[in-house]
Amino acid sequence: MQDKFFEISQLGEKAILIDFLEKEKKLELETILFYRNLLEDKLFESKVDVISAFDSISIIYHTTIENVYNEFSVIKLLLSKANIDKKNDYKIFQVPVCYHQEFAHDLSEIASAKGITESEIMAAHCSAIYQINLIGFLPGFLYMKGLDKRLHFPRKKTPRKLVEKGSVGIAENQCGIYPNNSPGGWQILGRSPLIFFDKNCVPPTPFSAGDKIQFYKVTKTEFHKIEKSVSSNDFILKWEYENR
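In terms of the UniProt record's numbering, the sequence shown has 54 at position 54, counting the first letter as 1, and numbering is strictly consecutive.
One thing to keep in mind: the hints can contain errors.
If you anchor each label on the Cβ, the simulated ranges turn out as follows [stated by the list, open to error]: (1) Tyr69 to Arg150: 43 to 53 Å; (2) Glu118 to Asn173: 17 to 27 Å; (3) Pro183 to Tyr69: 52 to 62 Å; (4) Gly146 to Lys114: 14 to 24 Å.
FYI, nobody ran anything at the bench for these hints, they're computed from the structure.
Even glycine gets a Cβ: it sits at the ideal position worked out from N, Cα and C.
Starting from the given sequences, assemble the full structure and let the hints guide the process.
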């Protein structure tokens, strides 16, 4: 089913995909998040999970969809009649990162390739404010926009077999954080001592799409001190609301 700005299709027996058709106009993240929140609210009783991406939304049903065309009609009506309000309250988090050579596996190589110093890379990385576009490919992996153009760098040609949890990396024009140990091809600048995903917590991550992150540099000694504080639940993650 196609509307003037979105297309709805079925994904298997338990999912529906909403593909927005304004990619060339750089659809704003706030618009995607508005529709996601709307669908979560209106479809609450249907027992679904609503997942947003860069330019699409997936609705995952807990049971097989009995009448998909009826669901298409409901979704189309909700989206077509919605009045977009972009004045959402998002959080700005202060996240520590250590750029010590033990954690910054690719910092030296990037500095050499860019013809700038490692200190300049750290300063540029910490001066930016990043917005979380989406959370995936691992539970809690943060995809963020806002990377300084001087730091744009391609993914590694051969991914690492192991990237340690908390590693902060860059790929092309994005910044990301690995929530757990995982193979990965992002260029690693440093590591954060925070926990970015814990299945035993409610919610399992404090971050949501639309929130923002600003990194601040810590020494290796401070890293381990914060790590110990996090493990004992004594660390307080600092954040404030950004009113839109």
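Checked hints:
no., hint, verdict
1, Tyr69 to Arg150: 43 to 53 Å, "50 Å, holds"
2, Glu118 to Asn173: 17 to 27 Å, "20 Å, holds"
3, Pro183 to Tyr69: 52 to 62 Å, "41 Å, violated"
4, Gly146 to Lys114: 14 to 24 Å, "18 Å, holds"
Violation of the numbered hints given earlier is confined to hint 3; every other hint is satisfied by the structure.
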